[in-house]
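A.B. asks: Spelled out from the first residue to the last, the chains are:
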Amino acid sequence: MSATLRALGQARWTVLAFAIAGFATTLLQSLAYFRMAGHTFAERAAFGYSLSTEAVANAALFSPPFRPGTIAGYVEWRAFGPLAILFAAWALVAATGARSPQIVSRAAAFALSVIIASVAACIGVLIGAASGGESVGGLPLVEAGVLLVALAIACYAICLLVAQLTPAATVVAGGLLLTLYFLNSLSRIFTQLDLARWLSPFHYYDLSTPLPPGGHFDLGGLAMLVAIAAVGIALAAGASTSRVGGQVPRRTTHEPSGTPLLGLAVTRELYSERIALAAWCAAFAVLGIVLVAATRSSMQGLLSLPRLLPGLPQYIFVFYAQVLGQTWFHAAVLMLAGLTFAFVARWAAEDRDGRLEAELSAPYSRSAVVLERLGALAVTAAVLAALSGLSVAFTSRSANLALDPARLVDACLLLVLFSLVMGAAGSLLVSWVPRAAPALFVGFAFASYLDDQIGGALGLPGWAQSISAFRLVGAPLASGIDGRNLALLLLLALVGLGSSILVMQRRDVGA
Amino acid sequence: MLVEMAVAAIRTSALTKDYGSGQGLFDLDLQVSPQQIFGCLGPDGSGKTTTIRLLMSMIRPTRGSAYVFGLDCIREAVEVKRRVGYVPDETPEFGSMRGGEIVAYLTGLRGGVHKDRVSELAERFDLDLGRRHREYSRDDRQKLSIVLAFMHDPDLLILDEPSKHLDERGTAELHALIDEARAGGATILLASRSAAEVESQCDVVGLLRRGKLSRVMRIEDLPLELEERSRKALPP
Numbered sequence: 005m006s007a008t009l010r011a012l013g014q015a016r017w018t019v020l021a022f023a024i025a026g027f028a029t030t031l032l033q034s035l036a037y038f039r040m041a042g043h044t045f046a047e048r049a050a051f052g053y054s055l056s057t058e059a060v061a062n063a064a065l066f067s068p069p070f071r072p073g074t075i076a077g078y079v080e081w082r083a084f085g086p087l088a089i090l091f092a093a094w095a096l097v098a099a100t101g102a103r104s105p106q107i108v109s110r111a112a113a114f115a116l117s118v119i120i121a122s123v124a125a126c127i128g129v130l131i132g133a134a135s136g137g138e139s140v141g142g143l144p145l146v147e148a149g150v151l152l153v154a155l156a157i158a159c160y161a162i163c164l165l166v167a168q169l170t171p172a173a174t175v176v177a178g179g180l181l182l183t184l185y186f187l188n189s190l191s192r193i194f195t196q197l198d199l200a201r202w203l204s205p206f207h208y209y210d211l212s213t214p215l216p217p218g219g220h221f222d223l224g225g226l227a228m229l230v231a232i233a234a235v236g237i238a239l240a241a242g243a244s245t246s247r248v249g250g251q252v253p254r255r256t257t258h259e260p261s262g263t264p265l266l267g268l269a270v271t272r273e274l275y276s277e278r279i280a281l282a283a284w285c286a287a288f289a290v291l292g293i294v295l296v297a298a299t300r301s302s303m304q305g306l307l308s309l310p311r312l313l314p315g316l317p318q319y320i321f322v323f324y325a326q327v328l329g330q331t332w333f334h335a336a337v338l339m340l341a342g343l344t345f346a347f348v349a350r351w352a353a354e355d356r357d358g359r360l361e362a363e364l365s366a367p368y369s370r371s372a373v374v375l376e377r378l379g380a381l382a383v384t385a386a387v388l389a390a391l392s393g394l395s396v397a398f399t400s401r402s403a404n405l406a407l408d409p410a411r412l413v414d415a416c417l418l419l420v421l422f423s424l425v426m427g428a429a430g431s432l433l434v435s436w437v438p439r440a441a442p443a444l445f446v447g448f449a450f451a452s453y454l455d456d457q458i459g460g461a462l463g464l465p466g467w468a469q470s471i472s473a474f475r476l477v478g479a480p481l482a483s484g485i486d487g488r489n490l491a492l493l494l495l496l497a498l499v500g501l502g503s504s505i506l507v508m509q510r511r512d513v514g515a
Numbered sequence: 005m006l007v008e009m010a011v012a013a014i015r016t017s018a019l020t021k022d023y024g025s026g027q028g029l030f031d032l033d034l035q036v037s038p039q040q041i042f043g044c045l046g047p048d049g050s051g052k053t054t055t056i057r058l059l060m061s062m063i064r065p066t067r068g069s070a071y072v073f074g075l076d077c078i079r080e081a082v083e084v085k086r087r088v089g090y091v092p093d094e095t096p097e098f099g100s101m102r103g104g105e106i107v108a109y110l111t112g113l114r115g116g117v118h119k120d121r122v123s124e125l126a127e128r129f130d131l132d133l134g135r136r137h138r139e140y141s142r143d144d145r146q147k148l149s150i151v152l153a154f155m156h157d158p159d160l161l162i163l164d165e166p167s168k169h170l171d172e173r174g175t176a177e178l179h180a181l182i183d184e185a186r187a188g189g190a191t192i193l194l195a196s197r198s199a200a201e202v203e204s205q206c207d208v209v210g211l212l213r214r215g216k217l218s219r220v221m222r223i224e225d226l227p228l229e230l231e232e233r234s235r236k237a238l239p240p
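Going line by line, the protein sequences match chains F and A. Taking the numbering used here, the leading residue of the first sequence gets 5, the next gets one more, and so forth. Taking the numbering used here, the leading residue of the second sequence gets 5, the next gets one more, and so forth.
Among the hints, erroneous ones may be present.
Claimed, not checked - To spell it out: a stretch of chain F is covered by chain A in this simulated footprint if at least three of its residues, at any positions, have a beta carbon under 8 Å from a beta carbon of chain A; those stretches are:
#	stretch
1	262-268
2	351-362
Claimed, not checked - Computed cross-link-like contacts, DMTMM-like style, restricted to lysine to aspartate or glutamate with a CA-CA straight-line distance of at most 20 Å:
#	chain 1	residue 1	chain 2	residue 2
3	A	Lys168	F	Asp357
4	A	Lys119	F	Glu363
5	A	Lys119	F	Glu259
6	A	Lys216	A	Asp22
7	A	Lys168	A	Asp120
8	A	Lys168	A	Glu139
9	A	Lys216	A	Asp31
10	A	Lys168	A	Glu224
11	A	Lys119	A	Glu184
What the hints assert, rightly or not - Far from chain F, some chain A residues (derived; all Cβ distances over 10 Å):
#	residue
12	Ala12
13	Ser25
14	Ser61
15	Glu83
16	Val88
17	Ser100
18	Met101
19	Asp171
20	Arg186
21	Ala200
22	Glu201
23	Arg214
24	Lys216
25	Leu226
26	Glu232
27	Lys236
If you're looking for bench data, these hints aren't it; they were derived computationally from the structure. Where a beta carbon is used, it is the ideal one built from N, C-alpha and C, also for glycine.
Make the full structure from the sequences, and use the hints.
C.D. replies: Structural data, given as structure tokens:
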């Protein structure tokens, strides 16, 4: 029990950040609903229909909504859906990041953490719905919260088990979670995947739609999530015990590594993460191919909708770019935000683990540390964007779907710039408060995302909306690059870089 | 050469780091001559590590100044570190990187390190550079820190409890290395809680207590001083 509480205490900043993220997401989405949906039955029905149309285009990424014209249906789709992904990412970091061998205590601490964050999310719904003079049923809300907790713990158990079996735990577990997620989401479009979707915990989460009126709670799905969690944690505990003392004897060497990559700026930053980077490269290349195929299927679905504008199919090329912008570009932006988080978490760990102190004991300036970190992020983002862009270009061409190559290049360059802006913000946080930086970065990224998604609906001033990096990247595939937004992105990146160098110069390291 | 000899290896003036509640280091005036082995002796919390971190510009002073070979420790930190080898109080964590990769990474940052020197040091400490850092024992991690500090034959060695976690053989090897560095003309600042270690290695010792330098003396005077202190501590 004390080990559980100790682990919970160590993760207090993270718990706080995710609780705030959960609360803010549900509250702000509820407030946004009342501003956007209208008041009459007809207005809300039209609003729900427009969301259903949007959902068809995004079917490869997110599950379809159930009764999105109601507050409960809207919140379930626009708040609990993204929170499920966010909590799965949290599970990945929590399960593969900590080094303590006390598996069960760690799992219990994570379970308590995720319960706290889920309760915060449910409170956000209650307050948000009450602000519009409506209410959401207590039992359905508890069911939604329980599902969120069960999914997060199931993902945690899977990652924890992987962490016991491989040294590259974050990469392998992250790749596995991503595969399981897309196995479920793509099975909505590619029927060939139906047979395998039972493997994915996200499938069992999607079986229930407890919040909206007329929705239902799948007890079997919940039981499967609980079973995955229990079996995963038990196997991880067993694997952890049997791993102790299992060292294989090997030949001793006194020679330093001869790889030239460790002697070069930027590449030495990336060398130790080479397996993870290879996995990211593969994920981005596959993402391009899969999402082009999924977009093609989504378009066919959209074009068959009865209430679309007559004659729209003749604008098929523009339409393709728009839909691809919503799927591939949107997914790439989110994944690059995830990549930036991985870099920020690593920078914070370097500070905590004394690695930064070891680096600074060499004749190596603090500004060089910041520049090299961001250089490594920029190079990684450039490689990933190029790989994904190339895979989109070739797959589109082979599917006879025309895409403006200049706009595709613009989109790839914007992806790099987006990563730099987020990275500069993360670098500033790491320079300022390294221990709390990963949690604060999650909060910052999520706030920027929400600012873009519902800032307008919440009536935020224009300047506040226009500084979200998610907003500033725009929709380059459909409408090209906006010069003002590009300049703002560059300015934000430079301000973040400059201020993080200044803060880094002045702060104590290892104190 | 004459100018070089005239400059103190370490010089601090009213060097202070105030953490509040009486914690930190206060008004440290210290001078260490070139080729001297200076011992910082004191219990935990006496300010040894704070002194060393200030010299290494890991932390910024509240007031006062510190110079290494006439170079300002804050403004000319990069130049200072070119001439310094450092064993930190806590060994860093390098996760799944192999020992040889860590050495290559840090020699890449430093430049001008001979591979043969690294191999010689690793062999002397029987340190397997092919193993991953997370597989290293505490003893191995300390040995790696020592290899990283000595590999470029620095003019000044700043060693914060370097024999901590080392076994008997490792400690003997470390002391032999310190002797060789002294013979090679290096200056050494050795922080330790062990009077015996300071007595066996150092020429001059500074006694730190509650963040203040209470006395600086030749090493021959240390046993008398310690005897005096223990007598005062005994009840009448």
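A.B. asks: Against each hint, give a clear statement of whether it holds in the structure.
C.D. replies: Verification of the supplied hints:
1. Counting residues of the stretch 262-268 of chain F whose beta-carbon sits less than 8 Å from any beta-carbon of chain A gives 5, enough to reach three: the coverage restraint holds.
2. Check result for the stretch 351-362 of chain F against chain A: holds, 5 residues qualifying (beta carbon to beta carbon below 8 Å, three or more required).
3. For a cut-off of 20 Å, the pair hint linking A:Lys168 to F:Asp357 stands: about 18 Å separates their Cα positions.
4. Annotation: proposed proximity of A:Lys119 to F:Glu363 holds, straight-line Cα distance about 19 Å (limit 20 Å).
5. For a cut-off of 20 Å, the pair hint linking A:Lys119 to F:Glu259 stands: about 7 Å separates their Cα positions.
6. A distance of roughly 12 Å separates the Cα atoms of A:Lys216 and A:Asp22; the hinted pair therefore holds under the 20 Å criterion.
7. Between A:Lys168 and A:Asp120 the CA atoms are separated by roughly 26 Å; this puts the pair beyond 20 Å, and the hint is violated.
8. Between A:Lys168 and A:Glu139 the alpha-carbon distance is near 19 Å, which keeps this suggested pair within the 20 Å criterion.
9. Distance restraint check for A:Lys216 and A:Asp31: the Cα-Cα separation of roughly 7 Å lies within the 20 Å cut-off, and the hinted pair is therefore satisfied.
10. With a CA separation close to 24 Å, the supplied pair A:Lys168 and A:Glu224 exceeds the 20 Å bound.
11. Taken as a hint, the A:Lys119 and A:Glu184 pair is honoured in the structure, with Cα atoms around 19 Å apart against an allowance of 20 Å.
12. Every beta carbon of chain F lies more than 10 Å from that of A:Ala12, the smallest distance being close to 21 Å; the non-interface claim holds.
13. Here A:Ser25 stays apart from chain F, with its beta-carbon at least about 15 Å from theirs, past the 10 Å limit.
14. Against the 10 Å criterion, A:Ser61 falls within the reach of chain F, whose nearest CB is about 8 Å from its own CB.
15. With a minimum CB-CB distance of about 7 Å to chain F, A:Glu83 fails to clear the 10 Å threshold, and the non-interface call is violated.
16. Non-interface call for A:Val88 relative to chain F: violated, since the shortest CB-CB distance, roughly 8 Å, does not exceed 10 Å.
17. Taking the minimum C-beta to C-beta distance to chain F, about 5 Å, the non-interface status of A:Ser100 is violated against the 10 Å cut.
18. At the 10 Å boundary, the C-beta of A:Met101 falls inside the reach of chain F, the nearest C-beta of that chain being 5 Å off.
19. A cut-off of 10 Å between C-beta atoms confirms that A:Asp171 is not in contact with chain F; the least separation is 17 Å.
20. The beta carbon of A:Arg186 is kept farther than 10 Å from every beta carbon of chain F, the shortest such distance being approximately 21 Å.
21. The beta carbon of A:Ala200 sits about 27 Å from the closest Cβ of chain F, which is more than 10 Å, so the claim that it is off the interface holds.
22. For A:Glu201, the requirement that its beta carbon stay farther than 10 Å from each beta carbon of chain F is met, with the minimum near 22 Å.
23. Distance check for A:Arg214 against chain F: the nearest CB is about 18 Å away, which clears 10 Å, and the non-interface claim stands.
24. Even its closest Cβ contact with chain F, about 19 Å, leaves A:Lys216 beyond 10 Å, as expected for a residue assigned away from the interface.
25. Its beta-carbon lying about 29 Å from the closest one in chain F, A:Leu226 satisfies the requirement of being farther than 10 Å from that chain.
26. The claim that A:Glu232 is not at the interface with chain F holds, since no C-beta of that chain comes within 10 Å of its own (minimum 34 Å).
27. With a closest Cβ-Cβ approach of about 33 Å to chain F, A:Lys236 is found to remain outside the 10 Å limit, as its non-interface label requires.
This entry does not satisfy hints 7, 10, 14, 15, 16, 17, 18, going by the numbered hints stated previously.
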